[in-house]
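K.L.:
Going down the list, the sequences are from chains A and B. Residue numbers for the first sequence follow my numbering, so the first one is 214 and each next one is one higher. Residue numbers for the second sequence follow my numbering, so the first one is 35 and each next one is one higher.
Bear in mind the hints are in silico, worked out from the structure with no lab data behind them. The C-beta atom is built at its ideal place from N, Cα and C for all residues, glycine as well. There's no promise every hint is true.
What the hints assert, rightly or not - Just the calculated beta-carbon pair ranges, DEER-fashion: (1) A/Thr260 - B/Leu431: 38 to 48 Å; (2) B/Leu431 - A/Lys337: 31 to 41 Å; (3) B/Ser40 - A/His333: 27 to 37 Å; (4) A/Lys302 - B/Ile239: 44 to 54 Å.
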Amino acid sequence: MPAPFHNTQIDIEQIPSQAAISFTMMKKSYLSYGIFFSFIFWLVIITLVILGKTVIGFNMPLLLERALWPVLIMAMISTIVYSYYSYFKEGYALRDKDVVYKEGLFWRSIATIPFSRIQHCEVKEGAVQRLFGLASLHIYTAGGSSSDIDIPGLSPTRANELKQLVLNKINAEELEVKRIKSGEEE
Amino acid sequence: MTDEFSQPNRQSIFAIIMIIQKRISVIIRQIWPIIIVFLIGGNGSGRREYLLYATIVIALFSMVWSVISYFKYYFYIHQDELIIEKGVLSKTRLNIPFDRIQSVNFQQNVVHQLLKVIKVEIDTAGSAGNEFALDALSVGRAQRLRDIILARKAETDKRIVEAGAASANEATHVEEVEERILQLSVSDLIKVGISQNHLRSGLVIFFAGSWMMSQLNEVGFDFESQFESYFENAITMGLVATLIIVVFFIVVSFIISLIRTVFTHFNLQVWRVGSKYRIIRGLFTRKETSAVDSKIQIIEWADNPLKRIFSYYDVRLKQASSTAVNAKQSIFIPGCQPTQIEQLKTNWLGEEALFGIENQGISIHYFYRRVLFRIIFNCILSTGLFIYENWLFWPSLLLLPYFIITSWLAYQKVTYAINHEILHTTRGVFGNWNSIMPLYKIQSVVLGQTPYQLRRDLATVSVMTASGKLNIPYVELRVAKKLKDYLLYRIETDRRDWI
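Same shape as in the complex, but just chain A (with noise of 0.2 Å):
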């Protein structure tokens, strides 16, 4: 049953816009952790050469050879040093409507979803992450994993207190969609 039909002009100006957000920054906590897993990761692929290169005696060519340690130092040190400054790119905003996550250094996305299209959120703790006192809330869509979020970087309680506040948004959400709808049928 289509809806009474109105059109009343939008002053473009009044919309409320993003540019006004003010972000959260993740716990500090998550900086270390970023960095932890860049050396990580890092230190095993390292770990492998090494193991390739005497147990198994892999050889390579002379050129390889040499650049082969530069290469792999730069590499773990432009990575920790990504991670270091993409952790100023990352934060996230509760609006009255809406959340909010930005993230990225080089490739930047600042996501939003509103609280009428959340279907239900969960606080994820990794091993790891626990180490560091971290969890993670993941929003779901209906859209499928690529309209997803995960909030990284907060700490279990401030995770649980969002996901709480998530809830409450989505409950009030739809009591006011049935009360206009009751009221737009009468």
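Starting from the structure of chain A, add chain B where the hints point.
P.N.:
Chain B in isolation, oriented as in the chain A frame:
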């Protein structure tokens, strides 16, 4: 009238045949290489007999099993649910609430058609694998079941919305208006078949062929040696023979895709029934699918240079799905003419939603970046080829103009249009792809910037829906922000259900 289904019902007795057929086809799919070896004849007659006995035992067992499972399969309607009870050893009871049911689809293969029964598929909004099917019901019973389910579903949906007494008139069955939007004759279908993407069907045949060969290889057929001798011959036969083979391959894939199109879409009809589309098609397997307006998230239509000659478009009605977009959730309708697409759009979105649509282009940097990346790729490729084989360097340079032309076409074809109600995007290189959706069905909005875009104050707005995403690439950052704010404003103020 619901009495018919209030008691536990069995399916039509012919369902046994369908169940057996299903089981056999599963078995054959798993062991067909063995069967072929068996038929052609390997060596060792003793093994052959064992195989024969094993096959007979398996066949008998699955037949008995099918019969038992038929007698243990019941369905009925209880309150607001469709209930299915099944299981031979372990019993399962499935409750499918009516408001979860998205659509009830019919399917008839040749056997169904001969026996005058219908396979009923019930599609729910749940996660993947949550589809239920009744293998065979007589035509009348299937239609009655569908009508009851859909009517009861409408009732429960209404109750959930708390419609109250005002809309009680509506609930008591307004005769649904039926209008045919599209019907394709065989000659239409031949045209559609001719304008298929033959490259793709060629690839499908190629991969299916190589898959079959690898399966046969596993059970001990030696294709490789045969092929080697064949290729040696090909070289000695020279270029002409190879060319003939290539042409033959193209012709075969052309004919196969033509036949496939005519068979699967035979007598395609699209009907507008109330607030849904009903699509009927198929020669050997007749399918009747329906798509409810509310479940459709995006309508997509596309052509290619061949289709443009006949002024045909392929239309896809993309429906919401909880997992990633699978082919099943997207209903494919070939051979639509522009007027019919207009009709589909206005039926779905309403006339006033389509007012004031003005398509806008994007930044020229889209072209620059595309060309830049392809030039880099081309340089790497050419250098590689140069090291590998000197003379290949020059032909590889010919790719450059191709890349530039296609990039230009791609740039020209990306447009977007937004009004208060809908979003329309276009893209394509040789063909034209169009997508249209109402703004209130958007799930989330992402504003992204690549390093290249960052330096030039550009951004890409990605609009996520319950059936895939639409991109508005390479617009000015200022505009992108405005767009995103506006889209969010529209989603958050619109209270209509997106499904």
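K.L.:
Range first: 38 to 48 Å. Now tell me if the beta carbons of threonine 260 of chain A and leucine 431 of chain B are that far apart.
P.N.:
For leucine 431 of chain B against threonine 260 of chain A, whose Cβ atoms are near 44 Å apart, the range 38 to 48 Å holds.
K.L.:
With respect to the beta-carbon atoms only, verify the hint that serine 40 of chain B and histidine 333 of chain A lie 27 to 37 Å apart.
P.N.:
Cβ of serine 40 of chain B to Cβ of histidine 333 of chain A: about 35 Å, so the range 27 to 37 Å holds.
K.L.:
Does the hinted range 31 to 41 Å hold for leucine 431 of chain B and lysine 337 of chain A at CB?
P.N.:
Distance hint for leucine 431 of chain B, lysine 337 of chain A is violated at roughly 51 Å.
K.L.:
Honestly, do lysine 302 of chain A and isoleucine 239 of chain B meet the 44 to 54 Å range at C-beta?
P.N.:
About 48 Å separates the Cβ atoms of lysine 302 of chain A and isoleucine 239 of chain B, which means 44 to 54 Å holds.
Of the numbered hints listed earlier, the single one contradicted by the structure is hint 2.
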